[in-house]
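My request is simple: use the sequences and hints to build the entire structure.
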Amino acid sequence: MENKDLLLQVKDLKVHFPIKEGLFSKVSAYVKAVDGVSFDLYRGETLGLVGESGCGKTTTGKSILRLNPYAAGQVLFEGVDILKLDKNQMRPYRREMQLIFQDPYSSLNPRLTVGEIVGEPLEVHNIATGQEKEARVRRLLEAVGLSPYHGKRYPHEFSGGQRQRIGIARALALNPKLIVCDEPVSALDVSIQSQILNLLKELQEEFQLTYLFIAHGLAVVKHISDRVGVMYLGRLVEICDSQELYKNPLHPYTQALMSAIPNPDPTVKSERIILEGDVPSPINPPAGCPFHTRCSQAFDLCYQQAPQMQDMGQGHQVSCHLYKQESSNKN
Amino acid sequence: MLLLTHVLDTIRGFAIMNKSAPLKISKGQSLWAITLTRLFKNKLAIVAFSVIILLILMAIFAPVITSFDPNRINLSNKFQKPDDIHRLGTDDFGRDVLTRLIYGTRASLLVGLASTGISVTIGVTLGALSGYYGGWIDNLVMRLVDIFMCFPFFLMAIVLASILGPSIYTVMIVSGILSWPSLARMVRAEVLALKKREFIEAARALGLNVSSIIISHILPNVFSVIIVYATLGIAGGILGEAGLSYLGLGVKQPQPSWGNMLSAAQNMSSLMFYPWLWIPPGIMIFLTTLSINIFGDALRDALDPKQKK
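Line by line, the protein sequences are chains A and B. Following this note's numbering, the numbering of the first sequence begins with 1 at its first residue and continues without gaps. Following this note's numbering, the numbering of the second sequence begins with 1 at its first residue and continues without gaps.
Any given hint could be a false lead.
[Stated by the list, open to error] Listed next, the stretches of chain A that the computed footprint assigns to chain B, with coverage defined by at least 3 CB atoms under 8 Å from CB atoms of chain B:
| # | segment |
| --- | --- |
| 1 | 121 to 132 |
| 2 | 147 to 157 |
[To be verified] Using C-beta positions, here's what the derived DEER-type ranges look like:
| # | chain 1 | residue 1 | chain 2 | residue 2 | range |
| --- | --- | --- | --- | --- | --- |
| 3 | B | W32 | A | E202 | 35 to 41 Å |
| 4 | A | E96 | B | G135 | 27 to 33 Å |
| 5 | A | Q131 | B | G165 | 54 to 60 Å |
| 6 | B | R300 | A | K84 | 47 to 53 Å |
| 7 | A | P18 | B | I215 | 26 to 32 Å |
| 8 | A | K84 | B | I215 | 25 to 31 Å |
Quick caveat, the hints were computed from the structure, so don't treat them as lab data. The beta-carbon is built from N, C-alpha and C at its ideal position, and this holds for glycine as well.
Below you can see the structure in the form of structure tokens.
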């Protein structure tokens, strides 16, 4: 991990959506979708981002791509803070980072042929036109496991898995360095899921891609990620090596998530941690640790003070008061 | 009649050809092709479409179809009953009614097309901008729409037409300007829904600017709404022309239009003794709007994505 070089650095990313009310659109409150997320992404790795619905993982991913007007904080891509760039300065960076979407039915324009969809990025960024563009589109379609003649067809003539492949081809067209995968398999059948995941892995090697892989199930993330970050209510609660996280989850929320992974062996009785209650509203998050309302191990400090991210060794970072003593003892 | 059957056969042939095309075709079938196939399976739509085509041909080839001059006055020949020479008789100035009817098609279709053109241009532009940008632009456009919708069509039309003075252009402008708000609303609603689709986000992630997103990604998907509206709007334009001309605020005599032909026949003696003056234009208006409306409805059904084949 030490000799890997940094591709993307997110520092204290905050996305607060204003809630507008009344005739003059007065801002009455903010939805704190993302509230201070920081992480590093190294070249060539896959960082999984997990958490339940509404925890801000998709918002985080889209903010990194500048698709979100309310993003604040710093997003350093190869050392440049892209949140501060204007539209024209941003343009070359658009080539470097692309997005794969969750819903393959809504992510392709139904009026365009597959060839036009995959070729569009090439034209927009003046990379290739005419014959050369078509040749490139054919190569891209082959790279994602489709046939070149599929380029003349329309999206509605394909199945969900094939459509997702088209979406991947479009993301690859610009030869980006970073691809944000926004739950790319959660809309697909289980049998297709593994195909797409394996395809993503192969492409990562072939094109030297870095993935930010957003998902809400740990099983999918385990398959593909080198490191995993766990989000809860707009904050990162734990981030570490993928293997380490599955062996030794520290945060009570991560432990609860882990216990929800079904075990295929019926003789093993797994102990499930059932979380009580609902996720608190991101409009008015609880004081102190955001997880204290549902945490079985919460104590008085959790109600008063928000925990800071702390390193538990080997890049295993966790944001929980339970480990305060241990880390101070170690130091 | 021969022409009609010929047109029908061609269209039917096209539909069958498309239907029996095997799945092996290497070229994909676009949504438009599917719509066309579906449309031409509707027999009523084919009939309506043929009527519309006939009317258009009639308007274009008016001088070929009839040898009379629509405006030549021959007072010695007025109020002639329909016979072999004047197939629909002559009017109070001795002008051939059939000829005026055929030339009237021009006025009606022109007004229908031009007014729809105006209202589609304004409606689509404002609707798309309002839906895409939201915020104060949206508020401004929608309040404008509300204001326009507050006035009854004919009242506004009469006021505007009396200010601008009666002419065929007045009719075009008046019915164009008064009918865009409903389209703007429909387009806005569609754009609002489309804006949330992920392919728009993909386009933004590619760095496309707003105008190319609207033109190449949003509008093609709103097109089905626009085309249905435009079809039905042409019928509205024709009716508007007939109404305004009937009130003497539309197409001015001696230029023939169905509306002012009706208007000219608006007296007791014409109504009682010369039915050939007002029945034909009435039937033409009825037939045209009916065909266009049927065709528009069929188009709407064919474009409905929920309907499979």
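Hint check:
Residue count for the segment 121 to 132 of chain A with a Cβ under 8 Å from a Cβ of chain B: 3. That meets the three needed, and the coverage hint holds. With 6 residues having a beta carbon nearer than 8 Å to a beta carbon of chain B, the segment 147 to 157 of chain A meets the requirement of three or more and the stated coverage holds. A hinted range of 35 to 41 Å holds for the C-beta pair W32 of chain B and E202 of chain A, which are about 36 Å apart. A beta carbon spacing of about 30 Å between E96 of chain A and G135 of chain B agrees with the range 27 to 33 Å that was offered as a hint.
Remark: the range hint 54 to 60 Å for Q131 of chain A to G165 of chain B is upheld by a beta-carbon distance near 58 Å. For the hinted restraint 47 to 53 Å between R300 of chain B and K84 of chain A, the CB-CB distance of approximately 48 Å keeps it satisfied. For the pair P18 of chain A and I215 of chain B, the supplied restraint of 26 to 32 Å holds, since their beta-carbon distance comes to about 30 Å. For K84 of chain A and I215 of chain B, the Cβ-Cβ distance of about 30 Å falls inside the hinted range of 25 to 31 Å, so the restraint holds.
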